[in-house]
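Chains as they are written, first to last, in the UniProt record's numbering: chain H, 1 to 500; chain B, 1 to 336.
No wet-lab data here; the hints were simulated from the structure. Incorrect hints may appear among the rest.
[To be verified] The calculated lysine-lysine pairs, modelled on BS3-like cross-linking and capped at a C-alpha distance of 27 angstroms, are:
| hint | chain 1 | residue 1 | chain 2 | residue 2 |
| --- | --- | --- | --- | --- |
| 1 | H | Lys268 | H | Lys258 |
| 2 | H | Lys160 | H | Lys3 |
| 3 | H | Lys160 | H | Lys79 |
| 4 | H | Lys79 | H | Lys67 |
| 5 | H | Lys187 | H | Lys160 |
| 6 | H | Lys67 | H | Lys3 |
| 7 | H | Lys336 | B | Lys225 |
| 8 | H | Lys392 | B | Lys16 |
| 9 | H | Lys392 | H | Lys258 |
| 10 | H | Lys79 | H | Lys119 |
| 11 | H | Lys336 | B | Lys41 |
| 12 | H | Lys268 | H | Lys490 |
| 13 | H | Lys392 | B | Lys215 |
| 14 | H | Lys440 | H | Lys336 |
| 15 | H | Lys336 | B | Lys16 |
| 16 | H | Lys392 | H | Lys336 |
| 17 | B | Lys215 | H | Lys268 |
| 18 | H | Lys160 | H | Lys119 |
None of the values given here were measured: they were computed from a predicted structure.
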Amino acid sequence: MSKLIETRGLTKQYPGVLALDHVDFDLEPGEVHVLFGENGAGKSTLISMLAGANTPSEGTIHLDGEKVAFDSVGQAQAKGIYTVFQEFSLIPTLTVAQNIFLGWELRRGPFLDHRAMRKRARGMLEELGFDIDPSAIVAHLSRAQQQMVEITKAFHGDLKVLILDEPTASLTDREVDHLFDFVASLKARGVGIVYISHRIQEFARIAERVTVLRDGAVIGTVAMSDTNDDALIEMMTGRSFDQIYPAIARTEGEEILKVSGLTAPGIKAASFNVRRGEVLGVAGLVGSGKSRLFRAVMGLTPVLSGTVSFQGTDITGSATRDIIMGGMYYLSPDRKAEGLDLAKTARDNLSVNIVAGARNTGGSPFIRWRGVNTRTDEISDHVELHPGYRNKPVSQLSGGNQQKVLFGKCFGQEADLIIFDEPTVGVDMGTRAALYLLIKQLAEAGKAIVVISSDLPEAMNISHRLLVLAHGRISAELSGDDMTEDQVLKYFFDETGATQ
Amino acid sequence: MTSAAATSSFPGLIRKIFVRVGVLPFFLLGALVVFTLLSPKFLTGQNLVNVMRQSVYLVLVSLGQMLVLISGGFDLSVGTAIALTSVVSATAMVFLAGIFPDAIWLVILLGAFAGFAAAACVGLLNGIGVAYFDVSPFIMTLGVSSLAGGAALFLTGGVPVSGLPFAFADIFGFGRLWGVPVPVIVAVICIAAMWIFMSRTALGTQVYAVGGNIKAAHLSAINTKRTLMMAYVICALIASLTGLLLTARVESGEANLGGTIALESIAACVIAGVSLRGGIGRVENVVLGGFFIVLVQNGMNLAQISSYMQMVLLGALLILAVIFDQLRYRMIMSGS
Chain H
1 MSKLIETRGL TKQYPGVLAL DHVDFDLEPG EVHVLFGENG AGKSTLISML
51 AGANTPSEGT IHLDGEKVAF DSVGQAQAKG IYTVFQEFSL IPTLTVAQNI
101 FLGWELRRGP FLDHRAMRKR ARGMLEELGF DIDPSAIVAH LSRAQQQMVE
151 ITKAFHGDLK VLILDEPTAS LTDREVDHLF DFVASLKARG VGIVYISHRI
201 QEFARIAERV TVLRDGAVIG TVAMSDTNDD ALIEMMTGRS FDQIYPAIAR
251 TEGEEILKVS GLTAPGIKAA SFNVRRGEVL GVAGLVGSGK SRLFRAVMGL
301 TPVLSGTVSF QGTDITGSAT RDIIMGGMYY LSPDRKAEGL DLAKTARDNL
351 SVNIVAGARN TGGSPFIRWR GVNTRTDEIS DHVELHPGYR NKPVSQLSGG
401 NQQKVLFGKC FGQEADLIIF DEPTVGVDMG TRAALYLLIK QLAEAGKAIV
451 VISSDLPEAM NISHRLLVLA HGRISAELSG DDMTEDQVLK YFFDETGATQ
Chain B
1 MTSAAATSSF PGLIRKIFVR VGVLPFFLLG ALVVFTLLSP KFLTGQNLVN
51 VMRQSVYLVL VSLGQMLVLI SGGFDLSVGT AIALTSVVSA TAMVFLAGIF
101 PDAIWLVILL GAFAGFAAAA CVGLLNGIGV AYFDVSPFIM TLGVSSLAGG
151 AALFLTGGVP VSGLPFAFAD IFGFGRLWGV PVPVIVAVIC IAAMWIFMSR
201 TALGTQVYAV GGNIKAAHLS AINTKRTLMM AYVICALIAS LTGLLLTARV
251 ESGEANLGGT IALESIAACV IAGVSLRGGI GRVENVVLGG FFIVLVQNGM
301 NLAQISSYMQ MVLLGALLIL AVIFDQLRYR MIMSGS
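With the sequences and hints as input, model every part of the structure.
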């Protein structure tokens, strides 16, 4: 059988970064081919070129043996390649039917035929087994339902290749089952599926082959029947677990944060505490509320009931800046939107915390820049930010170096409790190890650390204690030998608190 | 190595200056060449001193405008803050002079305070709308502009307020101290204060941080609402000070003062490299930017270009500056 898709020597060179390095990849009809790799390994770059969102610097893409070059996502779709990105291409204010027919509008004369589109949309959704009202506004749907709408959009033309980018990241167990049934039916129809996921436990259920990428290059392509989880992880990281995650000594100090019965938007009656000298991990699916819990603690969203007490003081409902000044610091998972000022240099970004947000202004209204500069240098040295990067706009730095700058901000703030929300998103392995060492130093110096993470190995290996969230509730608190992947996953899908 | 080689070449140097300071040096050079060719009177010491004296008012307003632009907004109501200050302070002075004819300094002082208070209300309104209700700065300051402008006209019935104390116009309009015009001295003090504020105080740093990324600033313990509020209030107060100087200059309270200054001050800032996205801008460049706009107007006057045509050219200049700002921002973000 001929290959559905074949790439030869596919390369993408960005200024200063080789994102993809001579990648040979192929996909057969009726096959699920997994792309596996760290954040930044080149998976996204590869699929963006297959999807037509990006053009290669070198190399070729062949579809059904014919050389193709896409200038736009539309062109790729016209050839039957459809991609469901993590960022959905849905217009939240329009209805499901309007979204499905966006760009494919049915007309009666010069006017849109809304009734026909609703009917066709209903038919398409039913055929795919999705129980969604075509007249519903997309913004009112759950993330899983939005994803179903997104997938439905693929079925206008003659679908040959479906690219799914982390499709299960925000789905519950039952929804995942449903998705996999659907994938199986597509396979039976001869559609080839490129599947990106970090969830290694899913691969055996659906995949025929796995291609592992690291630093933009293919490390290897293996048949799922010839490999196992450990081998794949070793291929992905190039090292074993204990070389990445440092052992953090636990010296349980005084309780620094106590949260009792906290109810906030998306959070129901959460109670827990954090002690000095420990790392508290927080795990859960996307949408489980793990991030929202701490955004409420930080005063970023309103507290509806319950209390938050920090260092013995009741800070329930306090303003975020007062909480930060009191010694708690939150590092946003989205460093571009909420973390850094991208047009400014690393030094400027760090100065903000030293100058504008500092707890000790020293009484004088005037800044002594010499002192500030010394401090930014100290912090930059500490987070191992190369001197050549310090005076460059942050937008020009790699994800790993941006994350180092973000970490530096909590040193500038001299916080006692630091909440890292997804601390290693989009960060390469080497930098990850360096960031974990910083967390280790902070914890061992007696700071209290919270690590919120969607990366389960990270959450389990870096923390002393683990909170698991599901549906806005704390479904488990695990420590020691109870902290196994099976246990954690069980509580991920804990439905006891679910609202139906 | 490659970057060092690139900057040593001439295009590389141009690029570097452009990314650093913006489009101003090139515009300034262009204006000097063009107007020198068009009029022999242009490049004379006398004329340049004249331009410098005339540019005081725009430079002042631009300083306030810069503050708001750096905070990530803009202020279309600076012109009506000037008008309102003018009629309120003039009305107050005329009224108070009738009560305390002998305490002329007290009259001037209280009158000025009345003007400042009126402008502070304009700034507060802008600040409350933008910071606390998330109204877009465009629509908020546009609305306030109509509101304050209407109030100024309503207070006077559109008739200029005359009969100001003689000393007021004599000192603040035409006076000199050590041979230097008083408005110039006021401007120099404001420029110095603004420079210190923006580069040497925590509050100034906060304005840059809020304009650069307001969410990141919020997560860095900065009181973003108060910072925005402060930016609009200071902007209105500086406009108010300008209004007082202009009132002294024209010797009456006029509701039509500052009619075109909102556009001119935004143009001055953008040309001087203040980013419309916020977070970027320098006091010393803005001073030059204000000077540049007045220089161009002066050059056009000498070249006998009609005032209608001048409006056309000024608008074109602003658009051009914004396009260059866009290019520059892209260069900063991607690395040049």
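So, going through the hints one by one against the coordinates:
Distance restraint check for Lys268(H) and Lys258(H): the Cα-Cα separation of roughly 16 angstroms lies within the 27 angstroms cut-off, and the hinted pair is therefore satisfied. The straight-line distance between the Cα atoms of Lys160(H) and Lys3(H) is roughly 12 angstroms, inside the 27 angstroms bound, and the hint therefore holds. Taking the CA atoms of Lys160(H) and Lys79(H), the gap is about 8 angstroms. The hint holds against a cut of 27 angstroms. Distance check on the hinted pair: Lys79(H) and Lys67(H) sit about 12 angstroms apart at the alpha-carbon level, within 27 angstroms; holds.
For the given pair, Lys187(H) sits about 10 angstroms from Lys160(H) by alpha-carbon distance, which is consistent with the 27 angstroms threshold. At most 27 angstroms may separate the alpha-carbon atoms for a hinted pair to count; Lys67(H) and Lys3(H) meet this at roughly 12 angstroms. Distance hint between Lys336(H) and Lys225(B) is fulfilled; the C-alpha atoms sit about 21 angstroms from each other, no more than 27 angstroms. Of the supplied pair hints, the one linking Lys392(H) and Lys16(B) holds, its CA atoms being roughly 14 angstroms apart against a limit of 27 angstroms.
This hinted pair does not check out: Lys392(H) and Lys258(H) have alpha carbons roughly 40 angstroms apart, beyond 27 angstroms. At most 27 angstroms may separate the alpha-carbon atoms for a hinted pair to count; Lys79(H) and Lys119(H) meet this at roughly 26 angstroms. A hinted pair counts as satisfied when its Cα atoms are at most 27 angstroms apart, and Lys336(H) with Lys41(B) does not qualify at roughly 52 angstroms. Of the supplied pair hints, the one linking Lys268(H) and Lys490(H) holds, its CA atoms being roughly 19 angstroms apart against a limit of 27 angstroms.
A threshold of 27 angstroms between alpha carbons decides the hint, and for Lys392(H) with Lys215(B) the separation of about 21 angstroms falls inside it, so the pair holds. Of the supplied pair hints, the one linking Lys440(H) and Lys336(H) holds, its CA atoms being roughly 25 angstroms apart against a limit of 27 angstroms. Distance hint between Lys336(H) and Lys16(B) is fulfilled; the C-alpha atoms sit about 26 angstroms from each other, no more than 27 angstroms. Using a Cα cut-off of 27 angstroms, the hinted pair Lys392(H) and Lys336(H) holds, with the two alpha carbons roughly 16 angstroms apart.
As the CA atoms of Lys215(B) and Lys268(H) are separated by approximately 26 angstroms, the hinted pair is consistent with the 27 angstroms bound. As the CA atoms of Lys160(H) and Lys119(H) are separated by approximately 24 angstroms, the hinted pair is consistent with the 27 angstroms bound.
In this structure, the earlier hints numbered 9 and 11 are contradicted, and the remaining ones agree with it.
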